[in-house]
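Novice: Let's have the full structure, built from the sequences with the hints guiding it.
Now for the letters of each chain:
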Amino acid sequence: MVKVLGFFVCTLFLIASIGYVTTRLPSADPFSVSDTDRAIDLRYYSLFQIATLKQQHAAALDTPYDIGLFGNSRILSVGRSDLSLEKCSVFNFALSGQSFRSTVELLERLAAQDALPRTAVVSMDHFELQMADNPQWIPIADRVYRFLNDITYAVQSDIASVRDAARVVWRFVWTETLLFQQIFEVAFFYQSVSTYFDLHSLEEVGTEASNALSYRNDGSWDSGRPSSDGAVDVLARTTAQILLPILQLDLDRLFNLARDNNFTIFLYESPLHHESSDLLDVSPSSFANADRQLLKAACAEAGIQCLTAPIGAFLGSSGWSDSSHPPADELGLWLSMQLARVDPGCAT
Amino acid sequence: MIFNTFSFLFVFLPCVLVLFYLPGLRRFRYITLTASSLVFYGISGIEHAVVLCLDVLWLYYFMTRENFQKNKILLFVTIIPPILALFYYKYIGFFFRSIFGIGNSEISEVFSVFDHIVLPAGISFFTFQAVSFAIDRYRGDIKEVPSFSRVFTFITFFPQLVAGPILRFSDIDGALARLTTFKLTAHFMSRGIGYIVLGLAVKVLIADTLGHMIEDYAVDPGAITPLSAWFTVFAYSFQIYFDFYGYSLVAIGLGSLFGFSFPKNFDRPYNALNPRDFWRQWHMTLSFWIRDYLYIPLGGNRSYVRNILIVMALCGLWHGAGWSFIVWGLYHAMLVIGYHAGRTTWDKFPALVQIAVTFFLVSLGWILFLFDFAQAAAFVQSLVGHGANGIVGPTLVMWSFLGLAAVVAFGIRLEPLAENNHTGIWASSILQILLAVLFVSTLFFLDRSETFIYFRF
Numbered sequence: 000m001v002k003v004l005g006f007f008v009c010t011l012f013l014i015a016s017i018g019y020v021t022t023r024l025p026s027a028d029p030f031s032v033s034d035t036d037r038a039i040d041l042r043y044y045s046l047f048q049i050a051t052l053k054q055q056h057a058a059a060l061d062t063p064y065d066i067g068l069f070g071n072s073r074i075l076s077v078g079r080s081d082l083s084l085e086k087c088s089v090f091n092f093a094l095s096g097q098s099f100r101s102t103v104e105l106l107e108r109l110a111a112q113d114a115l116p117r118t119a120v121v122s123m124d125h126f127e128l129q130m131a132d133n134p135q136w137i138p139i140a141d142r143v144y145r146f147l148n149d150i151t152y153a154v155q156s157d158i159a160s161v162r163d164a165a166r167v168v169w170r171f172v173w174t175e176t177l178l179f180q181q182i183f184e185v186a187f188f189y190q191s192v193s194t195y196f197d198l199h200s201l202e203e204v205g206t207e208a209s210n211a212l213s214y215r216n217d218g219s220w221d222s223g224r225p226s227s228d229g230a231v232d233v234l235a236r237t238t239a240q241i242l243l244p245i246l247q248l249d250l251d252r253l254f255n256l257a258r259d260n261n262f263t264i265f266l267y268e269s270p271l272h273h274e275s276s277d278l279l280d281v282s283p284s285s286f287a288n289a290d291r292q293l294l295k296a297a298c299a300e301a302g303i304q305c306l307t308a309p310i311g312a313f314l315g316s317s318g319w320s321d322s323s324h325p326p327a328d329e330l331g332l333w334l335s336m337q338l339a340r341v342d343p344g345c346a347t
Numbered sequence: 000m001i002f003n004t005f006s007f008l009f010v011f012l013p014c015v016l017v018l019f020y021l022p023g024l025r026r027f028r029y030i031t032l033t034a035s036s037l038v039f040y041g042i043s044g045i046e047h048a049v050v051l052c053l054d055v056l057w058l059y060y061f062m063t064r065e066n067f068q069k070n071k072i073l074l075f076v077t078i079i080p081p082i083l084a085l086f087y088y089k090y091i092g093f094f095f096r097s098i099f100g101i102g103n104s105e106i107s108e109v110f111s112v113f114d115h116i117v118l119p120a121g122i123s124f125f126t127f128q129a130v131s132f133a134i135d136r137y138r139g140d141i142k143e144v145p146s147f148s149r150v151f152t153f154i155t156f157f158p159q160l161v162a163g164p165i166l167r168f169s170d171i172d173g174a175l176a177r178l179t180t181f182k183l184t185a186h187f188m189s190r191g192i193g194y195i196v197l198g199l200a201v202k203v204l205i206a207d208t209l210g211h212m213i214e215d216y217a218v219d220p221g222a223i224t225p226l227s228a229w230f231t232v233f234a235y236s237f238q239i240y241f242d243f244y245g246y247s248l249v250a251i252g253l254g255s256l257f258g259f260s261f262p263k264n265f266d267r268p269y270n271a272l273n274p275r276d277f278w279r280q281w282h283m284t285l286s287f288w289i290r291d292y293l294y295i296p297l298g299g300n301r302s303y304v305r306n307i308l309i310v311m312a313l314c315g316l317w318h319g320a321g322w323s324f325i326v327w328g329l330y331h332a333m334l335v336i337g338y339h340a341g342r343t344t345w346d347k348f349p350a351l352v353q354i355a356v357t358f359f360l361v362s363l364g365w366i367l368f369l370f371d372f373a374q375a376a377a378f379v380q381s382l383v384g385h386g387a388n389g390i391v392g393p394t395l396v397m398w399s400f401l402g403l404a405a406v407v408a409f410g411i412r413l414e415p416l417a418e419n420n421h422t423g424i425w426a427s428s429i430l431q432i433l434l435a436v437l438f439v440s441t442l443f444f445l446d447r448s449e450t451f452i453y454f455r456f
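Top to bottom, those sequences are chains A and B.
In terms of numbering that gives the first Met the number 0, the first sequence opens at residue 0 and continues consecutively.
In terms of numbering that gives the first Met the number 0, the second sequence opens at residue 0 and continues consecutively.
Hint data in this document are derived by calculation from the structure and do not stem from the laboratory.
All C-beta atoms, glycine included, are put in the ideal place defined by N, C-alpha and C.
Incorrect hints may appear among the rest.
DEER-style ranges, computed between Cβ atoms [as the list claims (entries may be wrong)]:
{"#": "1", "chain 1": "A", "residue 1": "Leu24", "chain 2": "B", "residue 2": "His115", "range": "33 to 39 Å"}
{"#": "2", "chain 1": "A", "residue 1": "Ala239", "chain 2": "B", "residue 2": "Pro22", "range": "37 to 43 Å"}
{"#": "3", "chain 1": "B", "residue 1": "His211", "chain 2": "A", "residue 2": "Ala299", "range": "55 to 61 Å"}
{"#": "4", "chain 1": "B", "residue 1": "Ile42", "chain 2": "A", "residue 2": "Ser335", "range": "34 to 40 Å"}
{"#": "5", "chain 1": "B", "residue 1": "Ile45", "chain 2": "A", "residue 2": "Leu11", "range": "46 to 52 Å"}
Examples of chain B residues lying across from chain A (beta carbon under 7 Å, computed) [what the hints assert, rightly or not]:
{"#": "6", "residue": "Ala185"}
{"#": "7", "residue": "Ile192"}
{"#": "8", "residue": "Tyr338"}
{"#": "9", "residue": "Ala340"}
{"#": "10", "residue": "Ile429"}
{"#": "11", "residue": "Leu437"}
{"#": "12", "residue": "Phe438"}
{"#": "13", "residue": "Leu442"}
Specialist: Okay, here's the thing in structure tokens:
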């Protein structure tokens with residue numbers, strides 16, 4: 000039995016070492032470069048590393064950002080230059096591939112570091128997309144804590160069922176399997192080892208950048224996705240993934256945070272390309288309707304300005320990379336108009 | 000589902016082990032294994048799992064008839080439907096095209112509908128296992144009729160279901176009988192770990208790497224340099240060996256975790272001194288199956304040449320529904336017959352020469368596995384320097400890796416390491432560290448790992 004234990008101990012030690020190496024951060028802040036056109040190549044950095052770099056960048060500032068953009072790839076390409084709010088300092092905190100749950104988590108962490116922006120623009124995925132994954136960038140201990148919290152809430156909530164609780168468990172298992180696999184990507188591991196031994200200076204990170212997946216110093220990225228000149232595939236209808244009790248829990252967390260930290264939230268449901276919108280916003284699914292009703296009620300109760308779908312009529316047909324990723328410049332323009340109404344109070 | 004995936008290693012296998020060893024579920028172990036095997040198999044298509052179940056049900060129904068033993072008609076009634084299922088899924092398209100379609104594109108098109116039938120993974124393996132079981136019972140080698148759950152477990156047991164080793168009931172009868180009382184000892188566990196880790200390592204680290212190295216050459220075999228073509232011959236030879244050998248090692252290791260000792264399927268086949276020995280050391284369970292259920296009933300050595308031609312052609316056909324496979328089988332038949340005719344001369348050569356020539360001839364034969372006839376012809380043109388020379392030749396790193404594969408294939412006996420039964424503290428500790436490093440290294444390459452080549456058979 001000693002042999003078997005020996006094998007497992009060695010294996011666990013190796014895996015833990017790899018896991019540790021992949022969480023190390025570069026010694027310099029890649030977002031501190033002053034050249035706005037400079038591309039920052041973060042393609043081999045994990046979501047954990049990018050999220051931490053963004054938090055550390057915000058926490059290191061003497062004055063918080065006026066406007067912070069939160070969400071995922073649907074807002075991540077919106078940069079400072081896309082918002083016509085010259086007086087405002089802007090940083091894009093969005094994290095690719097993450098859901099609304101991740102945004103709430105990130106805002107809580109920024110609050111803990113006293114690094115919240117004065118106004119948080121929160122892009123929620125359109126409810127027909129049913130994006131509901133757990134945050135994939137927080138440490139394992141926090142993921143377990145969140146899981147236990149979710150389960151407790153799902154069990155105690157009036158609107159939860161046994162099925163919801165089972166889905167919470169499954170979602171946790173699924174996320175953990177995914178994250179476990181990620182640490183064994185060769186290119187990613189190589190980059191992590193390079194970072195661990197400080198083999199890359201910030202200069203090298205900058206010069207190695209390619210057009211694909213390069214970041215700018217305002218936290219936004221150039222996804223490298225080709226944008227269409229008109230038509231994109233119409234979004235297919237999906238199945239219900241968002242669990243109402245968990246959505247309720249996350250909204251409670253977000254609005255409690257806003258109340259306790261005195262910052263402004265502008266929340267909107269991300270638009271769809273008009274062809275998809277014509278189909279899905281005209282006859283929404285029952286689950287999207289239920290989610291939307293829950294959001295509206297929570298926003299009304301908390302006195303938060305929330306815009307739900309359809310909100311895409313202002314956007315043109317061209318420039319979309321697919322039916323749910325609007326062009327950055329047009330989305331930025333629309334956000335500027337909305338923020339002007341909210342009055343972010345920049346440079347005051 | 001396949002062994003070389005995260006979902007198998009970190010979800011499916013741990014779940015099955017927990018269910019199997021839960022004290023409260025001990026008496027349900029047959030059900031646990033059978034249900035797990037059906038999930039393992041059915042995850043890629045329910046229809047195929049249904050075919051598997053029907054095979055077993057049919058087999059068990061007839062072989063439990065009172066007068067089954069010595070009743071030839073009942074034996075045929077029992078084994079014909081599984082063979083027909085094999086024929087339908089694997090050979091019907093090839094059969095119709097070969098009989099009616101040669102040179103007639105219209106008829107070929109009519110029968111092309113059969114080309115789209117999806118082959119249940121491992122159907123050749125479990126059909127052979129079912130047939131051997133029925134014949135053994137008919138011959139009286141299996142005295143008592145085993146319970147249905149035991150037979151079901153025997154045929155469907157997931158470690159060997161898809162690509163062997165092709166088991167006889169007598170191979171695991173004892174372990175099946177003790178299944179509900181089996182306790183996992185350190186011996187079975189360390190052995191299981193050793194075989195699984197080494198099997199995955201040779202598959203993922205060696206076979207798949209070689210596969211990636213030659214994939215560009217295989218796309219356009221008529222447009223490569225002679226050096227690239229020879230590299231492809233030897234790289235594919237090692238790839239197919241480590242691919243199938245790796246699978247067999249993993250299967251043995253998985254069996255060990257559940258208390259089974261599967262027979263070995265390879266005995267360093269590339270160290271064989273001649274083509275006949277090669278078949279005694281390569282895919283041994285298939286060779287012995289063919290010997291016992293085909294070659295000997297045909298008359299064995301009494302009509303040596305005829306019987307070798309028949310069984311090797313069928314062996315080729317077993318591997319795949321295509322003329323190239325039949326020709327590959329006949330090629331091996333010629334090698335075996337040629338050796339038989341000239342063995343007094345052959346055996347006089349130094350062992351190293353015999354091994355080298357055997358390896359060379361066997362490696363040439365694999366061309367028919369890699370390519371169809373047209374591609375093989377173009378490839379041979381490249382081999383002799385008449386190719387179009389379109390793709391850059393192999394690099395030094397590629398040749399070095401090929402050399403490493405050769406060292407492992409010819410020089411290292413993996414089974415003693417996989418047995419993992421060293422008693423010395425240092426030897427044992429170093430081996431555990433080596434296994435852990437190999438296992439973790441394997442995980443880095445799982446995402447680019449390919450399906451086992453023998454799954455398609």
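Novice: For every hint, state whether the structure bears it out.
Specialist: Now for the hints, and whether the structure bears them out:
no., hint, result
1, A:Leu24 x B:His115: 33 to 39 Å, "52 Å, violated"
2, A:Ala239 x B:Pro22: 37 to 43 Å, "39 Å, holds"
3, B:His211 x A:Ala299: 55 to 61 Å, "58 Å, holds"
4, B:Ile42 x A:Ser335: 34 to 40 Å, "50 Å, violated"
5, B:Ile45 x A:Leu11: 46 to 52 Å, "37 Å, violated"
6, Ala185, "4 Å, holds"
7, Ile192, "6 Å, holds"
8, Tyr338, "43 Å, violated"
9, Ala340, "50 Å, violated"
10, Ile429, "10 Å, violated"
11, Leu437, "10 Å, violated"
12, Phe438, "6 Å, holds"
13, Leu442, "4 Å, holds"
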